[in-house]
Amino acid sequence: MSLPKPDALLKDVELHKTPERHWMDIEPELKRGYFLSIIDPKVLKDLDLPSLGTWQPYDEKWPLPEDWKERIKKEILRRMETYRSFKLFMEICVRCGACADKCHFFLGTGDPKNMPVLRAELIRSVIKGEFSIFGKLFGRFAGARKLTEEVIKEWFYYFYQCTECRRCSVFCPYGIDTAEVTMIMREILLSLGIATDWGIKPVHNCYYIGNHVGVPPQSLKENLEFLIWDFEEIAGIQIDLEKYLNRKGAEILYVPMSGDYFADPGIYTMLGILVLFHYLDLDVTISPFASEGGNFGFFNSFEMAKRLHAKIYEEAKRLKVKWILGGECGHKWRVWHQFHNTWFGPIDFLEVPKSPITGTVFEHAKDNKIVHICEFTADLIAHGKLKLDPSRNDHLIVTFHDSCNTSRAMGFFEEPRFILKHVCNNFVEMPENTIREKTFCCGSGSGLNAGENMEIRMRGGFPRANAVEYVHKEYGVNQIACICAIDRATLSSLMEYWVPEVAVSGVHELVANALVLEGEKSRDVDLRRRPLKHPVKGVD
Amino acid sequence: MEAGISLIIVIGLIIIAYIGTLLGLQVLFGIVIPYVAFLILVLGLIYRVISWAKVPQPFKIPTTCGQQKSLPWVKHSRLEAPFTTWEVVLRMFFEIFLFRSLFRNLRADLEGRRLIYGSAKWLWLGAILFHFSFFIIMLRHIRLFTNPVPGFIVRLDYIDSFFHLGIPPIYITDLLILAGLIFLLLRRLIDPKVNYISYGSDYFPLFLILGIVISGVLMRYAIKVDVYAVKQLTLGLATFTPTIPKAPIGSIFYIHLFLVSVLAAYFPFSKLVHMIGIFFSPTRNMANNNRAVRHVNPWNYPVKHYTYYEYQERFRDKMENAGIPIDEEVEPEKEHEWYSLYVPGKEPPTIKS
Numbered sequence: 090m091s092l093p094k095p096d097a098l099l100k101d102v103e104l105h106k107t108p109e110r111h112w113m114d115i116e117p118e119l120k121r122g123y124f125l126s127i128i129d130p131k132v133l134k135d136l137d138l139p140s141l142g143t144w145q146p147y148d149e150k151w152p153l154p155e156d157w158k159e160r161i162k163k164e165i166l167r168r169m170e171t172y173r174s175f176k177l178f179m180e181i182c183v184r185c186g187a188c189a190d191k192c193h194f195f196l197g198t199g200d201p202k203n204m205p206v207l208r209a210e211l212i213r214s215v216i217k218g219e220f221s222i223f224g225k226l227f228g229r230f231a232g233a234r235k236l237t238e239e240v241i242k243e244w245f246y247y248f249y250q251c252t253e254c255r256r257c258s259v260f261c262p263y264g265i266d267t268a269e270v271t272m273i274m275r276e277i278l279l280s281l282g283i284a285t286d287w288g289i290k291p292v293h294n295c296y297y298i299g300n301h302v303g304v305p306p307q308s309l310k311e312n313l314e315f316l317i318w319d320f321e322e323i324a325g326i327q328i329d330l331e332k333y334l335n336r337k338g339a340e341i342l343y344v345p346m347s348g349d350y351f352a353d354p355g356i357y358t359m360l361g362i363l364v365l366f367h368y369l370d371l372d373v374t375i376s377p378f379a380s381e382g383g384n385f386g387f388f389n390s391f392e393m394a395k396r397l398h399a400k401i402y403e404e405a406k407r408l409k410v411k412w413i414l415g416g417e418c419g420h421k422w423r424v425w426h427q428f429h430n431t432w433f434g435p436i437d438f439l440e441v442p443k444s445p446i447t448g449t450v451f452e453h454a455k456d457n458k459i460v461h462i463c464e465f466t467a468d469l470i471a472h473g474k475l476k477l478d479p480s481r482n483d484h485l486i487v488t489f490h491d492s493c494n495t496s497r498a499m500g501f502f503e504e505p506r507f508i509l510k511h512v513c514n515n516f517v518e519m520p521e522n523t524i525r526e527k528t529f530c531c532g533s534g535s536g537l538n539a540g541e542n543m544e545i546r547m548r549g550g551f552p553r554a555n556a557v558e559y560v561h562k563e564y565g566v567n568q569i570a571c572i573c574a575i576d577r578a579t580l581s582s583l584m585e586y587w588v589p590e591v592a593v594s595g596v597h598e599l600v601a602n603a604l605v606l607e608g609e610k611s612r613d614v615d616l617r618r619r620p621l622k623h624p625v626k627g628v629d
Numbered sequence: 041m042e043a044g045i046s047l048i049i050v051i052g053l054i055i056i057a058y059i060g061t062l063l064g065l066q067v068l069f070g071i072v073i074p075y076v077a078f079l080i081l082v083l084g085l086i087y088r089v090i091s092w093a094k095v096p097q098p099f100k101i102p103t104t105c106g107q108q109k110s111l112p113w114v115k116h117s118r119l120e121a122p123f124t125t126w127e128v129v130l131r132m133f134f135e136i137f138l139f140r141s142l143f144r145n146l147r148a149d150l151e152g153r154r155l156i157y158g159s160a161k162w163l164w165l166g167a168i169l170f171h172f173s174f175f176i177i178m179l180r181h182i183r184l185f186t187n188p189v190p191g192f193i194v195r196l197d198y199i200d201s202f203f204h205l206g207i208p209p210i211y212i213t214d215l216l217i218l219a220g221l222i223f224l225l226l227r228r229l230i231d232p233k234v235n236y237i238s239y240g241s242d243y244f245p246l247f248l249i250l251g252i253v254i255s256g257v258l259m260r261y262a263i264k265v266d267v268y269a270v271k272q273l274t275l276g277l278a279t280f281t282p283t284i285p286k287a288p289i290g291s292i293f294y295i296h297l298f299l300v301s302v303l304a305a306y307f308p309f310s311k312l313v314h315m316i317g318i319f320f321s322p323t324r325n326m327a328n329n330n331r332a333v334r335h336v337n338p339w340n341y342p343v344k345h346y347t348y349y350e351y352q353e354r355f356r357d358k359m360e361n362a363g364i365p366i367d368e369e370v371e372p373e374k375e376h377e378w379y380s381l382y383v384p385g386k387e388p389p390t391i392k393s
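Read top to bottom, the protein sequences are chains D and W.
Taking the working numbering, I'd label the letters of the first sequence as residues 90 to 629.
Taking the working numbering, I'd label the letters of the second sequence as residues 41 to 393.
Hint data in this document are derived by calculation from the structure and do not stem from the laboratory.
Partial chain D-side listing against chain W, Cβ under 8 Å, derived:
| id | residue |
| --- | --- |
| 1 | Lys-106 |
| 2 | Glu-170 |
| 3 | Pro-305 |
For clarity, every value in this text was computed on a predicted model and none was experimentally measured.
Where a beta carbon is used, it is the ideal one built from N, C-alpha and C, also for glycine.
Let the sequences and hints guide you as you build the complete structure.
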């Protein structure tokens, strides 16, 4: 990572200065560290997706097919006829500029094309220039321009510098949602065969192997075994893994995310959830085929998203469960909450979710039959079903990062906070304008969490990191909890760069830290073997 | 430069109307153009509404700005994450009449390596001043199109000129709309970010409305016109018995009317349709009850996906070795119907190409 030092990274950022030249005259300069490589055509072919052969974005001439212009125009028109959202967002923006400084990529780069309004203008201007009489007559005066190869490059560059976080849509007086625009523009680029390596490979893995990182069933089991062995060593409690894997007839299907059984620190969240299942003796099963709740398809096209998630209900049906429990993930919950029953409904082969421990019926999930693990756990705590000792997290001063998708596409704020306030004694909120519906993205969502674009990630994540830095300095915060698997991976890199003193975890890792387990042995470390402030006295 | 061109266009429009009246084209500027413009406004808006209404909204995508309705003991934010239609109506009301989202506006500044956020309600205030004043001024104009004038319009007029300063008394909304417009215009000219994103078509309506307001204000307070004759003309227009009154009306009136006509005709084909568009905005007018109430997409189509059977066959040995239960009941899925936007010849029939 040949990144400048944190203090030097933002030297070129000017939030109140704009270029001399009109943005339409500034040709996209594809900077290294900002964009992602193009996917191998073989992978696209496996997924029945079009491709442009082997090429890279920095190639002088992109291998666009001869009829590319007609095809792009057709695809745009098709979206205008099938998505009211898109058509409306293309037609009603007044360029009031309320969104301008709400984007974390603008705040971290100062590039005016990262203002949500200009990001949308990148396509809006082409729609005016190619389809509208006014646009054709008045040209730039009416904000219109023609579709050129440079425009395609610009789209690729800037629609992959948007993490679909929806922060701008909170502030827009008409609710214009740049995430929707970005998703549709990536779809349109994909229709030519323009797609990123980092965005498509996980799709391929997920489609054929069951999860983004391509963990086959035997390795899934090995990874989980490793976790429970480690836990046995720490707490002296044996978790029976066998009953959770691919077992038919369980009451609940739990769908994890691959990040949580693949790498640190996500694995501790997975472990936390397994510990909770063990504590409750919950009748739950995990499908190795549906071992991915996340959905990288969503970062490429709606259709690909649907193709990936079809397996979740299919597996629920095959395993004959009653309802589905979903792990801590961000965009997964955007897809599960806002898209699932539209795609796959009506879900009449499952039952309305009901907690077997408390008897609570999750009425708000009565149609798509999926409950968030934090809703489930918060309900347990509210009913006093968990014996918790929050002092076991006293070595941590915790803040909470609201993930974009659960915040602005679900309204999920209180459940995780309720849990955190019951499992740890030191909980601190970040500044008001950086949390809840105004939360900042980790800077690497929507398939941008690669290594090759690290500079844009550190810039885009800066507003989030800056708020963490503030509570770290003010209150000594040393742990940031989140409910998103991508966050757990990306916030780790972000913290390492901006605030190295702060570690990242999921909420359920902290739950398991605080759980008082029957038959546990004495220990002086937490789930990830960090020393505890008050050693636990066990039965040994 | 875009601002300059817009200003010149508006001045050009004023000159056209002025010359028109000098040439005795009162019928054209007082009757024909207003009728045509009004017709374009009505038909144009109908066209716009239909063009949006006929496009389906495939997914339920509210932007949630507050706590969802979930467990009974969690306080639900009814306005920011509406669950019922009634709550959506409330949210829309606050959005449309009080510009709630704009009220949230913040300003971000970078100081060294620290981001500082501050409240930034000026845009909200300017927008409220402008829109509300415009609305009240339009209501006040009803008195030119009715006889007798409805009581509430008379009262509105009375309230609006509450200060009783000057003769005729100054309308508060005349001052406020000028303040709002000048703020919005200066903001576009001075704020570097807003200036950078502004097109000519963003300045044009501002100058046009400014022209309308100034000509109206001048007519009332400075270059007086024969109000009786004006009312004769406007009432004639409203009752579809248009006449040009014998008593002459000053050019300023025809300029005012011409600019209003241009605005009316321009409205449906410009960004000004945001006034209607906001009602259709799916991130605001949909309920956040996705998991409880299913949303139907009329062009939903079956897609190709990998099956558990194929997966298990591929990994059977590995699964057996690892002691993962094998599902012997599962059967290969029969060839099922699927479509794809990306496979030529497999386009879903529900989507026109």
